Amino acid sequence: MGRTLSQKIWDHHVVRSGNDLPDLLYIDLHLIHEVTSPQAFDGLRLNGRKVRRPDLTVATEDHNVPTENIDQPIEDEVSLKQIQTLRNNADEFGITNYPMGDPNQGIVHVIGPELGLTQPGMTVVCGDSHTSTHGAFGALAFGIGTSEVEHVLATQTLPQPKQETMSITINGQLPSGSSAKDVVLAVLAEVGTGGGIGAIAEFRGPVVESLSMEGRMTLCNMAIEFGAKAGLIAPDEITYEYLKGREHSPKDDQWQKAIRFWDGLRTDPDAVFDREIILDGGMITPQVTWGTNPGQVIPVSGSVPGPDAFEDPAEQEAAQRALDYMGLTPGTKMSDVAVDTVFIGSCTNSRIEDLRSAAEVIKGKKVAKGVRTLVVPGSRKVKEIAEEEGLHEIFLESGFDWREPGCSMCLAMNPDKLTVGERSASTSNRNFEGRQGRGGRTHLVSPRVAAASAIAGYFATPEEL
Amino acid sequence: MKPVTIIEGTAVPLDRSDVDTDQIIPSDWLKRVEKTGFEKGLFSEWRDDKNFILNNEDYAGACILIAGPNFGTGSSREHAVWAIQQAGFDAVISPRFGPIFKNNATKNGLVPIEIDSHLGNQLLHEVGQNPDLHFVIDIAQRSVEVPQLGLAIEFELEGSVQDRFLKGLDDISITLNNVEAIKDFETSRGEWLPSQNSI
Ligand code: SF4
Chain A
1 MGRTLSQKIW DHHVVRSGND LPDLLYIDLH LIHEVTSPQA FDGLRLNGRK VRRPDLTVAT
61 EDHNVPTENI DQPIEDEVSL KQIQTLRNNA DEFGITNYPM GDPNQGIVHV IGPELGLTQP
121 GMTVVCGDSH TSTHGAFGAL AFGIGTSEVE HVLATQTLPQ PKQETMSITI NGQLPSGSSA
181 KDVVLAVLAE VGTGGGIGAI AEFRGPVVES LSMEGRMTLC NMAIEFGAKA GLIAPDEITY
241 EYLKGREHSP KDDQWQKAIR FWDGLRTDPD AVFDREIILD GGMITPQVTW GTNPGQVIPV
301 SGSVPGPDAF EDPAEQEAAQ RALDYMGLTP GTKMSDVAVD TVFIGSCTNS RIEDLRSAAE
361 VIKGKKVAKG VRTLVVPGSR KVKEIAEEEG LHEIFLESGF DWREPGCSMC LAMNPDKLTV
421 GERSASTSNR NFEGRQGRGG RTHLVSPRVA AASAIAGYFA TPEEL
Chain B
1 MKPVTIIEGT AVPLDRSDVD TDQIIPSDWL KRVEKTGFEK GLFSEWRDDK NFILNNEDYA
61 GACILIAGPN FGTGSSREHA VWAIQQAGFD AVISPRFGPI FKNNATKNGL VPIEIDSHLG
121 NQLLHEVGQN PDLHFVIDIA QRSVEVPQLG LAIEFELEGS VQDRFLKGLD DISITLNNVE
181 AIKDFETSRG EWLPSQNSI
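Protein sequences, first through last, are from chains A and B.
Here the first sequence is numbered in my numbering, starting from 1 and rising by one per residue.
Here the second sequence is numbered in my numbering, starting from 1 and rising by one per residue.
In short, the hints are calculated from the structure, not lab data.
It cannot be assumed that every hint is accurate.
Unchecked claim - One side of the interface only, derived from the structure: several residues of chain A facing chain B at Cβ under 8 Å:
1. Pro159
2. Thr193
3. Phe261
4. Asn293
5. Glu433
Since we're looking at a predicted model, the values are computed, not measured.
Glycine included, each C-beta is placed from N, C-alpha and C at the ideal position.
All chains should be built: construct the whole structure from the sequences, respecting the hints.
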């Protein structure tokens, strides 16, 4: 029987198997950031261990960094200490770090692909659940905890129990106003937050094949939101085109060799997946979350559901709690819900195409009165390109704040936070209670919907402006 | 990691589904560079509500946390596991765990016990009625017993994980026994693969 793409990559990285132990997988790239690494480095020191492959390890500062006045010392002392700890650890163990202000700095899942560090067929890990993003290149990429960070630092491997395989096929063609974000929100609406637990999901089908690399990254980014170990997409010409000429991409004859290898990274026609989901892309309109988990999704044109819309008692209860927290009444049309804040950023939607699509919507229009708006590019490179293209001027003229790169309001570890009861339209990936600040109410949307909602002052698609 | 063989004591019912790691430990707490001192951060945003179950004195001293399905989804923060342990819990029971949380738990000796959702509901209900129910979790037998209810539940635990619990083994030293295999593997990697030494 044939193998799926993820099985092929898996098999290719097995260092040791058998003896009733999980497979030991070799890790090709280990990305690090300030939040989940300090205790791992402490563990190494405590046991007198070194980093096995500093050359396969890359660090950056993203979760904590402020997005304003970055030439000044960080005001939050605890954040400052964490950043300083990363710098010291990188120095001590000989690891490349891209600090705040560096031309290569940015959200870890934005800079990996941007630098050509993420390539097809690789295993990529990071102490961050959205590592699934890198699966867009046909890599096996997954988030790990701090103990595992220490394990990879010390051994460049990870013991991993086998996973099931899941295929998510998006057929047809997306309507013109819909994006990769709407696709993944629609998948979440279909399978719920637990639908991918125990599996590696491969996204396939005409809609997926037609997405740009950036769209594919958005899709894979949120695979963890339905619980999948990883999400991935077979590499193709679009992948190769993106990779060509990047700093760490293979050059000359190595490029040819790599392509020959990459061409084999496809699911065999006779391979069988353990789980299969099929969606009609033609039906995927712009989506928005209404609740406090990313599976609570409706079309922007829809109305807030009541608990009775769910069969499962646990889901009913979750829905009621979500409604209370979000301050919403069942039956309210999303287009009648006012937004206080719009955040365009995060590893889901902060790449140049995201910024372009938002800028296109707001060009020549003004942000609605009283709406706070924030654009946080995913990396310094994205910021530079945007400025070369004059996108920052479009944002600034409309009334948006134009910030420095980082995770920012995606998780509210830096000063960018929602206050109690403040409602956001956010291009990030998690609408958990308090995720963007204590008591904050988050609605996840695409960059186009975020931009349109900033102008309208309530949830809207660009077509409605 | 210390060996974990038997866990005995009372439980607290956290009757909610989809308790993500942002709820278990909010992001403010992630700025710390230490591995200790997270107990106060556990569910800190819910703790302000005096009716929150963890504020209920009747359940003080419980060492088992029982929750609804999809416990520990979301962020990979291992701080969630540290916070739960440092607040005095040795095991968490739920019909389904977020995969990274579950993995993190096993690395620290916190036992994640997955049980059927009907049983899960039953336990939540029973413990909700009677805070003094006594639980015995036996790792070697992979069983949870609640004698007062006449319940004996078996749960799954991967063999290698069970072994690590019982012997208190450290994953890294197990892997380092394979250092020759790792070296061998390294000689066969594609030459085009990215490395910080090659630029
Ligand atoms: S942008 Fe948000 S989701 Fe992405 S790495 Fe940063 S904090 Fe995590």
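Q. Out of the numbered hints, which ones does the structure contradict?
A. Every hint satisfied by this model.
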